[in-house]
Amino acid sequence: MSPAIKPLPAQRPPLWLLAELTYRCPLHCVFCSNPVDHMAHRDEMGTEDWRRVLTEARALGAVQLGFSGGEPLLREDLEELVAHAHGLGFYTNLITSGIGLTEARARALKSAGLDHIQLSFQDSTRELNDFISSTRTFELKSRVAALIKSMGWPMVMNCVMHRYNLPHVGRIIEMAERLGADYLELANTQYYGWAWLNRHALMPTVDELRDAEAMVMAHRARTEGRMKILWVSPDYADAKPKPCMAGWGSLFMVVAPDGKALPCHSARMLPGPPPPDLREVSVREAWFDSETFNRYRGQAWMSDTCGSCDERHTDHGGCRCQAFQLTGDAAATDPVCPKSPLRGVVDALLEGASGRRAAEQSAQALGAAPQPLRFVPGAARTTPGLIHRSDAASLALIRDQILPGGPAGVDEARAAAAAATASVPASPGPNAC
Amino acid sequence: MMPTHLRPTVAPMFRLQFEPAQDGWVLLYPEGMVRLNAPAAEILRRCDGLHTIDEIIHELEAAFEQPALRDDVCGFLGQARQRGWLQ
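Order-wise, the sequence lines are chains A and B. Numbering that gives the first Met the number 0 numbers the first residue of the first sequence as 0 and each following residue consecutively. Numbering that gives the first Met the number 0 numbers the first residue of the second sequence as 0 and each following residue consecutively.
Since the hints were made in silico from the structure, they are not lab data. Note that CB positions come from ideal geometry on N, CA and C, so glycine has one too. Each hint should be verified, as a subset may be incorrect.
To be verified - Covered stretches of chain A (in silico footprint by chain B; criterion: 3 or more residues with CB under 8 Å from a CB of chain B, positions within the stretch not fixed): (1) 88-94; (2) 114-123.
Claimed, not checked - For each label pair, taking beta carbons as the anchor points, the in silico distance ranges come out as: (3) A:Asp346 / B:Ala62: 51 to 61 Å; (4) A:Gly151 / B:Asp53: 41 to 51 Å; (5) A:Gly297 / B:Gln65: 23 to 33 Å; (6) A:Thr54 / B:Asp47: 50 to 60 Å; (7) A:Arg278 / B:Ala37: 37 to 47 Å; (8) B:Asp53 / A:Phe287: 42 to 52 Å; (9) B:Gly83 / A:Ser110: 38 to 48 Å; (10) B:Asp53 / A:Arg296: 40 to 50 Å; (11) B:Gly83 / A:Arg296: 30 to 40 Å; (12) B:Ala62 / A:Gly224: 26 to 36 Å.
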């Protein structure tokens with residue numbers, strides 16, 4: 000008898016279901032990974048359909064359930080869906096900005112059986128938190144953190160990292176400790192959706208990442224036993240491709256607000272037939288039978304580079320969305336891989352970040368005013384280089400049919416979105432404060 | 000090594016649950032899951048804050064008709080505590 004962790008069986012049902020209840024969101028984060036054309040998919044599934052989807056997924060064997068979005072608290076049936084999921088035996092996670100989490104709703108969610116809340120922060124400073132999200136939400140998030148702790152939930156704080164807040168990583172860690180986080184997830188920006196649109200402005204240099212990681216490691220040793228610190232490997236800068244979703248259609252299913260079942264958050268942008276619609280087909284059919292979920296399962300689809308590589312069982316060929324965005328071919332070897340014939344595309348992105356930083360620094364050394372970054376909500380609308388997520392920007396991208404689904408067209412997309420955001424009122428959304 | 004008169008219990012961050020679809024016990028925590036093999040599950044199921052470690056050992060030795068499980072059980076409990084599963 001030697002107790003250990005059981006190896007995975009070869010064939011399995013989905014174990015992890017991410018329910019993106021809505022694409023609506025009171026925040027306007029520049030790094031949001033929701034699709035930039037979210038306004039084209041805003042016909043949300045109703046409560047009964049969601050209940051059925053949860054029941055079907057649980058019957059197949061799914062056990063982890065995330066309620067996400069957009070901002071899931073904008074759904075008035077969230078408590079009902081949590082209670083239903085809890086009754087089915089799911090472990091329920093709420094992934095939220097905290098906006099809308101009043102004490103009354105927290106109590107209702109607690110009694111519905113919610114197991115855990117992950118609260119997002121943008122930075123350790125009010126100025127950058129509010130700038131990045133284009134809202135005034137910093138104090139509110141601190142109050143929500145205290146509420147989560149007082150209700151006895153484990154608290155995971157999540158902070159998306161990019162060039163603007165990486166230098167603050169030590170203070171972000173200290174803030175998480177002060178707020179009593181059990182886990183702190185330092186999630187380096189993954190370049191999908193709005194973050195892809197804004198990648199040049201958000202991308203840190205390799206040196207900036209290395210400095211921040213060294214700081215994280217020092218704090219990690221210090222907080223051991225009290226707070227776990229996760230450092231999500233940065234896209235592009237790592238020497239190896241990420242084992243995306245632990246393999247396509249392997250254990251993870253995302254259900255988008257409109258009921259489309261997807262193998263990952265971003266898969267809707269990939270070419271191919273439309274993804275299965277859970278208003279029309281069952282979770283079982285979507286998972287086992289749909290072309291979407293079968294397309295990159297296993298290894299038959301792989302290029303020779305991947306198919307002959309020893310790492311294929313570990314990294315599964317990397318990320319399909321990254322391959323598509325950077326090479327135009329969704330079945331290509333993830334170009335982050337040093338074996339990819341197109342690795343140069345990634346190197347060019349990294350060198351671009353270094354080059355931009357060097358140019359900024361030499362401009363400053365010559366006495367030129369640095370590019371203004373005004374940390375005021377609303378000012379972001381006119382900041383060059385950053386497009387805040389908004390309904391208006393999304394509509395502009397849809398109208399002009401310039402979507403960043405491939406390497407071409409991105410600059411036009413940025414221009415269209417920038418033009419649209421210029422006309423958005425500068426006041427924060429109705430749920431922000 | 001944990002003193003064997005202690006009564007370990009699964010930490011509040013974790014939930015131990017039988018999963019029919021996986022035909023096995025799992026330990027659930029925020030956005031994660033550990034699959035347990037049968038021996039690990041048999042031990043953790045008895046970490047209910049009522050059994051002492053001595054009682055857990057005796058119960059398992061009786062249930063599985065194996066005489067010398069002390070080292071295995073204590074070794075696993077040490078690992079489990081290190082991973083934060085137990086308190």
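Of all the hints given earlier, name the ones this structure violates by number, lowest first. 4, 5, 6 and 9
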